[in-house]
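Which chain is which? The protein sequence lines are Z and V, in order. Those letters in the first sequence? Residues 1 to 81, by the numbering used here. Those letters in the second sequence? Residues 1001 to 1571, by the numbering used here.
For the record, the hints were derived by calculation from the structure and aren't laboratory data. We treat Cβ as the ideally placed atom computed from N, Cα and C, and that holds for glycine. Careful: at least some of the hints might be erroneous.
Label pairs and their in silico Cβ distance ranges [as the list claims (entries may be wrong)]:
#1 Glu4/Z to Gly1334/V: 54 to 62 Å
#2 Val48/Z to Val1502/V: 51 to 59 Å
#3 Val48/Z to Ser1190/V: 37 to 45 Å
#4 Ser1162/V to Lys79/Z: 51 to 59 Å
#5 Val48/Z to Tyr1507/V: 42 to 50 Å
#6 Gly1214/V to Cys51/Z: 36 to 44 Å
#7 Pro1183/V to Glu4/Z: 37 to 45 Å
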Amino acid sequence: MNQEELKNTVFQLLKNIAPETEPSQLMPDESIREALNIDSYDALQFIVALCEKLDIDIPEEDYGKTRSLKSLLEYLSSKVG
Amino acid sequence: MKGPNFSDYEALYKGYDWQKEKSNLSGLPGGKGLNIAYEAVDRHADGDLKNTTALRFIRKSGEHVDYTYAGLKAETGKFANVLKKLKVKEGDRVFSLLGRVPPLYIASLGSLKYKAVFCPLFSVFGPEPVFQRLSKGDVRILITTTDAYEKKVKGLLGRLPSLQYVLLTDTDRDLDEFALSYPKLMEEASEEFSIPTTDPEDPALLHFTSGTTGMPKGALHVHQAVVIHYSTGKYVLDFKKGDIFWCTADPGWVTGTSYGIISPLVNGVTSIVDEEEFDGMRWYSILEKEKVNIWYTAPTAIRRLMRMTIVPKESFDLSHLRLVLSVGEPLHAGAVIWGEKAFGVPVLDNWWQTETGGIMISNYRSMKVKPGSMGRPLPGVHAAIADIGENHFKVLDQPGKEGHLVLKKGIPSLFREYIHQEERYQKSFHGDWYITGDLARIDSDGYFWFVGRADDIIKTSGHMVGPFEVESTLMKHPAVAEAAVIGKPEPSIGELVKAFVVLKEGYQAEKDLERELIGFARKTMGPAVAPKELSFIDSLPKTKSGKILRRLLKARELGLPEGDLSTLEKN
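All chains, please: the whole structure from these sequences, using the hints.
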């Protein structure tokens, strides 16, 4: 999966959680949770959905690395390979 | 490890007296009464603790901002003078809509000094819950950020006639004559402020909580509540001189005010405030770096930490941790036992609610823990189980019997009114007993065990959500004819808000519409209140008198027996 596809997957899953938002307008460094008004339960659902969709494992220990779009994509790239 | 503040629960409970406890507080100089902010700040600032850190804020970046007791006295004095300049009257309500940032803490204590009533709102609320609370609470002053003002408050102004000024924390310039710069007002204000005579029964804090029927209720607390803030700090949180304490709750909920602001300060310890939301690794590193001694958190967070593969006490130096406590919903036995292994100390559960203003039933360091139990009543608190029906009220003496958890009046921090709802307030009492709305039982050793709610209120992530409030919002969408909302059990947050919607003619039950309705609710109410799940349904089960049978919807959703259906209206 290339970077663009990865990004689109992230946007689609975020849109499922917060349908009233436009995830594609996220700035690279802003906090995804704050920008999209996502609470801790929503954030967990998003990560679980990402794991299922990309067939990867994201341990709870690494959740801090998924704070912004930039750090999330970097992290996912390293996982998806 | 330092020993607990008391060793014999039975002896302490038996000989306990509120008046004696009250004498451990200072009281306003010159016999001018009892004021929470004086007990929390000024008496320490004028004594040995003046250079001790009162509050340590950890910004999102990890940077620290510290306030000593003397510094906090100066800042809260300035805020009281700001209120004076704005001609706020005693008893007027000052609201905040802020994250865990210094102005929230300064405004709360400054308002208490001035004898205004302070009401903190959860910053994640959307415009509708914000409006309901500001309106019902007769807001006079609101302190918030420019962003929250623009997005959530500006559109409400026409409906908030009592609102006189909005103070903006993040701008150096006034927007107009109504929306003023908080930093500018603070810069111009004097630090010197003499707290006026405060009757212990003068109103101090307003906290909103949800009801099954109707919109949120505003529970009003008085300055005398500080006796409980002090005593629970001593007996439950086990505060000792020099302690570092961290309460992870947001002041938008009562725990974050009573224990995130007031109790640690009244007891003269150092309180940690983290501006960031939950992040397991960050939290462990805060416990380690800040050498936290006492940690007060919630089952939702503990369950998240339990998902991590690390053994905390092996990966982090948690040797300073003496006590871990939890509140918000019952802590399951498995979590208590996990805590013991993870931290080397058991996680002590306790029980209380918005109306009680402070911890009422608890486990204590010096008392044997029965995992899964909420513990035993705080010294001075008389709790019991009662059988309550249409026309009867009977306290049950027999152990093991399930019934309504009730508390005897006379507790200093028990709410004094639901503002503008006297009838609702009166309905919460039977004679001398306050009916909590929770069901519980007592075992033969006097330990209390939570059974469930006696009503339809949803407990999600430790917060109460009233189904009516959510249903009313959904009904504002043009596609919705009727809506019913239940709490659906969910392992990580207790219950999630689930909505059932009957569509108006001409609308199709499609995925796109489901998402649109969830989005609509999120935008209007915010993620803490909006439904996480939504299903379409042809009709709602109702009683013959037209009341929605949420209990039946829940039973059907969970595949449980439907129970007594004699009142069900046949469609």
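Hints, verified against the model:
{"no.": "1", "hint": "Glu4/Z to Gly1334/V: 54 to 62 Å", "in the structure": "violated (43 Å)"}
{"no.": "2", "hint": "Val48/Z to Val1502/V: 51 to 59 Å", "in the structure": "violated (30 Å)"}
{"no.": "3", "hint": "Val48/Z to Ser1190/V: 37 to 45 Å", "in the structure": "violated (54 Å)"}
{"no.": "4", "hint": "Ser1162/V to Lys79/Z: 51 to 59 Å", "in the structure": "holds (53 Å)"}
{"no.": "5", "hint": "Val48/Z to Tyr1507/V: 42 to 50 Å", "in the structure": "violated (30 Å)"}
{"no.": "6", "hint": "Gly1214/V to Cys51/Z: 36 to 44 Å", "in the structure": "holds (41 Å)"}
{"no.": "7", "hint": "Pro1183/V to Glu4/Z: 37 to 45 Å", "in the structure": "holds (43 Å)"}
The structure does not agree with the numbered hints 1, 2, 3 and 5 stated previously, though it agrees with the rest.
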